[in-house]
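Engineer: Residue numbers (my numbering), protein chains in the order written: chain A, 55 to 438; chain B, 11 to 294.
Among the hints, erroneous ones may be present.
[Stated by the list, open to error] Each computed DSS-like pair below joins lysine-lysine, with the alpha-carbon atoms no more than 27 Å apart:
| # | chain 1 | residue 1 | chain 2 | residue 2 |
| --- | --- | --- | --- | --- |
| 1 | A | 153 | B | 96 |
| 2 | A | 174 | A | 158 |
| 3 | B | 105 | A | 158 |
[Said to hold, decoys possible] Some residues of chain B that are not near chain A, with every Cβ distance over 12 Å (derived):
| # | residue |
| --- | --- |
| 4 | 180 |
| 5 | 212 |
| 6 | 241 |
| 7 | 281 |
[To be verified] Far from chain B, some chain A residues (derived; all Cβ distances over 10 Å):
| # | residue |
| --- | --- |
| 8 | 119 |
| 9 | 239 |
| 10 | 287 |
Rather than coming from a laboratory, the hints here were simulated on the basis of the structure. Idealized CB from N, CA, C, for every residue including glycine.
So you can see what is in the structure, the chains are spelled out below.
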Amino acid sequence: MSELSDLSRRNDVHVMKPEGTEALIRALIEDGYEVIGPKVIAQAMLYEPYEAGETPPAGWTDEQDGGRYRLIARDDGKLFDYVVGPQGFKRYLFPPREKLWSAKRTADGFAVGRDGAPAKAYAFFGARACEVAAIGIQDRVFDNGEFSDPTYNARRAKAFIVSVDCSRSASTCFCASMGTGPAPEAGYDIRLSEIFEDGHHMLLVRSGSEAGAAILEKLDLKKAKKADLEKADANSRRAAEMQTRVMPDDAREVLARNMKHSHWVEVGKRCLGCGSCTMVCPTCFCAAMEDVTGLDPDSAERWRQWDTCFSVNHSFIHGGAIRQEAWSRYRQWITHKLSFWHEQFGQSGCVGCGRCITWCPVAIDIVEETRTIRDSEKTEALHG
Amino acid sequence: MNVHPGTAKPVEDPMLPLTYEVVGIKKELPDTVTLDLRAPNGMPFEFEPGQFNMLYAFGVGEIPISISGDTSDPMQLVHTIRVVGKVSQAFAKLKEGDSIGVRGPYGVGWPVNNIKGSDVVIVGGGLGLAPLRPAIYSVLANRGQFGNVVILYGARTPNDLLFEEQLHEWRGRFDLHLDVIVDRAEAGWPGRVGVVTQLIDHAVFDPEETAALVCGPEIMMRYAVQALADRGVDTKNVYVSMERNMHCALGFCGHCQFGGTFVCRDGPVFAYDTISELFTTREA
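Isolated chain A (complex conformation) (with noise of 0.2 Å):
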């Protein structure tokens, strides 16, 4: 995002009606932009592509807890009451399986190059705070300073994102703690709040780039007024405020010189090692190498697709799996994501969205654990 040469423009705050989403997103797709946003699919609110003409669901929101999702319909045409679903907008720059390469033989050997297709440019319509950071993080792993991906980084450069502030909180949800939410700061092209009460209903709306401004310059929009921004601060604070689940601040040190503590067997009994919590997490990053011949054997190819800390294939070095144990292995997830990311990227690779407490089989909550693992570690010092 390059800075805006209208300062004036870029702090100007609109509002516009609910309504103006589908001429937002019909501008977007306009612009050449495949628009990703919320849909109802299998009872679960997940990204998927809109067309000119589709609106985002109105009259949703949903229940979360510990291994448990449920949407639920309304009648009051609120458009983003829910958070966030099982998906988060990761797939799309990271897909889940992909091609890297192909590889022919030649008369002197083979030949190694990329063939797959130019990079969609992508427009993540509603993407909470908690997503717009998840992407920041990701951003920074893949490209690391020596080197850079360059499918990831290629989608990435083209990318759109109008993020939504949340105005609630589902019971899940612990952003405030991680600093990433429920409004975002920074990382948005456009920004919407949605403003819902008196019967009024309408939409804050900011810029955040100059791609963002000039979208914006092609929607019908008003000034906004100072009570309307008073009533959005006050739905983000009011979703804060929601949320009952608070990540310590001292996780990263906590997690770091307990690397003994006897309660990762306890979680281990528990842990199905399924994986689900990395499939969900919009910031896990480990993908495994495929190496593929079809019925041709002077063709082969790359692939690489996503794969879990979960698995004991993961670990594997000649002569076995490093961590054989679902103790071992959930360790590494948690340790990985709270602390040792800290020394890898510089910040926390948890950005709070409580995917991986309500998508765990067994309700495994990475607040609860760190907290249980702080709270009893001077015990553990006596009788570990």
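For this one, chain A is given, so just place chain B on it according to the hints.
Structural biologist: Then chain B, alone, in the frame of chain A:
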């Protein structure tokens, strides 16, 4: 901008292997082969002792293999490979003139240039001698810049001694001390039987002025570090080469994580002090 470290040449895509030609094959042991590789267009291959490449067998797969050749001979890329899986098996079947995919070199190697002036104790176990060999070449090529040089090598049996001719050659030199030990031997083996750490106890070096380079199975490295520490070597001067699952060597795939490090980028060679906590944390 990605730079292909081997050629210091910017490349668009760090995931694409370059095609090298097999120009020499040496069967070291029944299950171990050394391949001499030549770059396309005869490009030189610059690397540091202890670094590794990702080697690709057409259609089969790609694995990390340390470089076992001599840094002073950049026209020849040398890898010593033990057959342990389907990819290494494919490498063992290669013939002269065949092609192999190469990406690299990657990682942090042995700090040969930073330990000049010290006594050097090189401790290898089994195939662990292969990643140490470039460091040995480099130390011997600049022999006058180091104090005592000690090579301690342990193998399973006398038949498993890697680079046996070179062991004899090094053993014949007056400016280094080389000792070999095997886990078990039949009658007729005139040498020592035991574990490589036993050699550390009697080797001649000044512990206060010693840097140690250790490579072998993790359990062997653990005991070697202990034995060196018992002799009085400061563990900040002990270097170990770690091994973890590795799919990309670029820091993207996540498999080689070792605590807060990526073995592919922060290792494979680590100063022991920087990883001692992790090294002694049990995985299960």
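Engineer: For every hint, state whether the structure bears it out.
Structural biologist: These are the hints, each one checked on the structure:
1. 153(A) / 96(B): holds (21 Å)
2. 174(A) / 158(A): Judged against 27 Å, a Cα distance of about 26 Å means the pair holds.
3. 105(B) / 158(A): holds (19 Å)
4. 180: At roughly 27 Å from the nearest Cβ of chain A, residue 180(B) sits farther out than 12 Å, so the non-interface label holds.
5. 212: holds (30 Å)
6. 241: Holds, because the least Cβ-Cβ distance between residue 241(B) and chain A comes to about 28 Å, which exceeds 12 Å.
7. 281: holds (16 Å)
8. 119: holds (29 Å)
9. 239: holds (27 Å)
10. 287: holds (37 Å)
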